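In order, the protein sequences belong to chains A and B. According to the numbering used here, the first sequence is numbered sequentially starting from 1. According to the numbering used here, the second sequence is numbered sequentially starting from 1.
Honestly, the hints are just simulated from the structure, not real lab data. A few of these clues could be false.
[Unchecked claim] Here are the simulated distance ranges between beta carbons:
#	chain 1	residue 1	chain 2	residue 2	range
1	A	A286	B	A371	34 to 40 Å
2	B	R314	A	A140	35 to 41 Å
3	A	E57	B	H397	29 to 35 Å
4	B	K376	A	A140	48 to 54 Å
5	A	L289	B	G186	53 to 59 Å
6	B	A435	A	E57	36 to 42 Å
7	A	L289	B	P99	56 to 62 Å
8	A	S157	B	S361	45 to 51 Å
9	A	S157	B	G186	46 to 52 Å
10	A	L13	B	A223	36 to 42 Å
11	B	A276	A	E57	55 to 61 Å
12	B	K377	A	A10	40 to 46 Å
13	B	K377	A	L5	55 to 61 Å
[Claimed, not checked] Chain A is faced by these chain B residues, among others (derived, beta-carbon under 10 Å):
#	residue
14	S74
15	W75
16	Y123
17	A242
18	N244
19	R247
20	G263
21	W264
22	R267
23	V338
24	D346
25	A406
26	G410
27	Q413
28	K457
29	Q458
Being a predicted model, the structure only gives us computed values, none of them experimental. Note that beta-carbon positions come from the ideal geometry of N, C-alpha and C, so glycine has one too.
Below, each chain spelled out in residue letters.
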Amino acid sequence: MVRYLLRRLAFALIALWAVVSVTFVLVRAAPGGPFDGERRLPPAVEANLLSAYHLDEPLVGQYFRYLGMLAQADLGPSFRQKDFSVNELVARGLPISLTVGGLALLLALALGIGAGTFAALARDGPRDRLLMVLATLALAFPPIVVAPALVAAFAVSLGWFPAGGYDSAQHFVLPVIALALPYAAAFTRLMRGSVAETLARPHVRSARAKGMPTRRIVLRHVLPSALMPVVSYAGPVAAALLAGSMVVEEVFSLPGLGRYFVQGALNRDYTLVTGTVIVYAALVLAFNLLADLCYARLDPRVRHA
Amino acid sequence: MQSRHRIAALSLAALIATLPAAADELRIGNGGEPLTLDPHRYNLNLEEKILADLFEGLTAHDADGRVVAGAAESWSTSADGLVWTFRLREDARWSDGEPVTAADFVYSFQRLLAPRTAASLAYFLYAIDGAQAVNAGTAPLDRLAVRAVNAHTLEIRLAQPFPFFDERLIYPTGFPMPKHVVEELGDAWTKPGNMVSNGAFTLADWQPQGFVRLAKNPHFRRASTVALEAVTYFPTADRNAAYNRYRNGELDVIGDFPPGEIGWLRRKMPDHLHLAPLLSIMYLVFNVTVPPFDDERVRRALALALDRELITGRVLQSGEIPSASFVPPMVANYRSAVTPMPQDQDAARALLAEAGYDADSPLELTLRYIAGPDNKKVHVAIAAMWKAVGVATQLHHAELNAHFAALRQGEFQVAQAGWFGENNPEHYLELLMSATGDVNYGRFADADVDALMNRAKQTAALQERLTLLRRAEVAALARHPVVPLYAVTIRSLVRPRITGWRANPRNTHPARYLGIRAE
């Protein structure tokens, strides 16, 4: 188990290094630099700026300087948010992304597991059909459509919720719903199939034949095994949700990691873009590792594969 | 179990309780995140707005955008226009109660120009004798001709006469620095809790991408006249999101809104809507180094084919002011001598034919513009007007940074450009000097224009100087290196209960003059 873990960690580090290197090259390949504004920069001023951020050094030197900083867990100074380091920005943005993402994950799981189970139990009935239509609709409308629609309906028209910001718990209601809906729909469909399959298994059928109440069959015999595919899918979903949703954070003016990424990319803030990508990649790798460890724990075959 | 119930009850309570804005807190949608609050490192207009509430330079803007006395109560200029002497107010205090002295200004000007500060707008004060050499690192800091005669007298010597210098000192680059704080804290001095300022407000809190909150500065010299207790700036980078938050009552002021909403706003919220032309010029620039735009006839033909009243009156429809002059029409003191050239399609076709283009071999060109719905409409209209004289235009758009990077590198044929800022004709006309470098995007060079501009820059007498500038403009525009189009309109929404909001071409609205009427 320890050897398996070490090997996985080594792979994760290599993957992270590859992400760092590709991002490092890609942000610099985008047209325009961090100090290209509309206003002019006299040569002396430009030289001062480039030297302050070591951009006047050869690219290879910059690359190794950056790797050296990363080794010390330092994501560097933000090129454009000059009063903050990238570490400080991540420390401020990540908790907000984690809050919205975490709540969205819980909501998606609760809705998905509940509705999926219910649909499977009422399979092919009108309630099942209605739920499946709703789930398909929720999948078809991504947050970029749902979020502005929620704002138009529940903020601007009805005035029930704020349209942006994060001063109170109320501010989180609409973004969490917008973020959770498509995943709730995916979980619903996954759960419905999985419950239906489990219901057809011999041990469930014999429990039924013995006259066990449905509620007990579902809770004790169906859910534990039916949840497996949902749990495995929840790993990557958690990473995607927790690392911050660019769309939802932009629409609701939430200062999370996704917003830093978007603004960083627009401003050609090399260190901020690379830093947020690294945090995102690290989260994805961590959650995948966690999911794999769970498999390994449950199924010894994985450990030796 | 007990604690779980408590958590549930708490979060429910939090869900029900919203945070209403304090009665005297102004909430401003500022269009984006300030990238710094260090007056020497700033680069954006939206940062300038926050900084102007935090600090006060020697001169300042009043509620109408006029230049008035700030931290200096008066000043005088020597006969040759080179030595400016400022008398500082003796009652001026930093927000920690320390006096604001001439030494703070000397320290600040030296810090701005020190190469180590890497101030991108250091050149704003290149007018000061020695500034350019200090900034380039070829002269020591004390070579800068800024001197504290005594605690409340500051003397600045310029390299050349510059009658617009009082206005140039309004920008954050000319703000004083609390030497005692900056030297102790270094770069961390701009963080909330650390920053000490001399303006009407102090920095209370700053959550990047969340908000910047300012609180009234009790030590400000005119604190008794400041009505607001707090001002919060929100980084509303998304125009639609900002508009929704305004409509929902979460913001009191936004500086922009989706252009498609203007009709609805005119009907439903006319008392919120403020349209004010900005001191600015939007124009088309020709790259005169690439054929066929090195041919003056081609440039003149393309200019003749345009109808700028159609662009402002029918396409944009928000009160933009058409301008045949390269200097924005509202620049004080300056009356352009350029004669407007009305649209003349026949003359345009004739010139094109002369240059060798006709229906069989039409002129084909690529017009670059900055991505955005308004810009798109304008440039589609321009392409249509050129099509009417037989020119085939291909449109190419890019986001702001990429657009101007391409322009500076001269990678374009014809492109949209814009220049904003000062009440000073030179600020615009300099773009047409050969020595200007890469923001003379089209690389226009004309010996007569250069000579007239250089003579103007050495002339201390204002009227004589303006006459030379007028002649330079006429000489330059006769060769059509650019086609001036219009001054942009700032479209703001301001709640009717906000008092003291005065439309002005600088689009400056210092919070110390604003208030909130009780409803």
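Now the hints, each set against the structure:
no. : hint                           : verdict
1   : A286(A) to A371(B): 34 to 40 Å : holds (37 Å)
2   : R314(B) to A140(A): 35 to 41 Å : holds (39 Å)
3   : E57(A) to H397(B): 29 to 35 Å  : holds (34 Å)
4   : K376(B) to A140(A): 48 to 54 Å : violated (29 Å)
5   : L289(A) to G186(B): 53 to 59 Å : violated (40 Å)
6   : A435(B) to E57(A): 36 to 42 Å  : violated (30 Å)
7   : L289(A) to P99(B): 56 to 62 Å  : holds (60 Å)
8   : S157(A) to S361(B): 45 to 51 Å : violated (57 Å)
9   : S157(A) to G186(B): 46 to 52 Å : holds (50 Å)
10  : L13(A) to A223(B): 36 to 42 Å  : violated (57 Å)
11  : A276(B) to E57(A): 55 to 61 Å  : violated (46 Å)
12  : K377(B) to A10(A): 40 to 46 Å  : violated (55 Å)
13  : K377(B) to L5(A): 55 to 61 Å   : holds (59 Å)
14  : S74                            : violated (31 Å)
15  : W75                            : violated (27 Å)
16  : Y123                           : holds (5 Å)
17  : A242                           : holds (8 Å)
18  : N244                           : holds (4 Å)
19  : R247                           : holds (5 Å)
20  : G263                           : violated (17 Å)
21  : W264                           : violated (12 Å)
22  : R267                           : violated (17 Å)
23  : V338                           : violated (24 Å)
24  : D346                           : violated (37 Å)
25  : A406                           : holds (7 Å)
26  : G410                           : violated (14 Å)
27  : Q413                           : violated (17 Å)
28  : K457                           : violated (16 Å)
29  : Q458                           : violated (20 Å)
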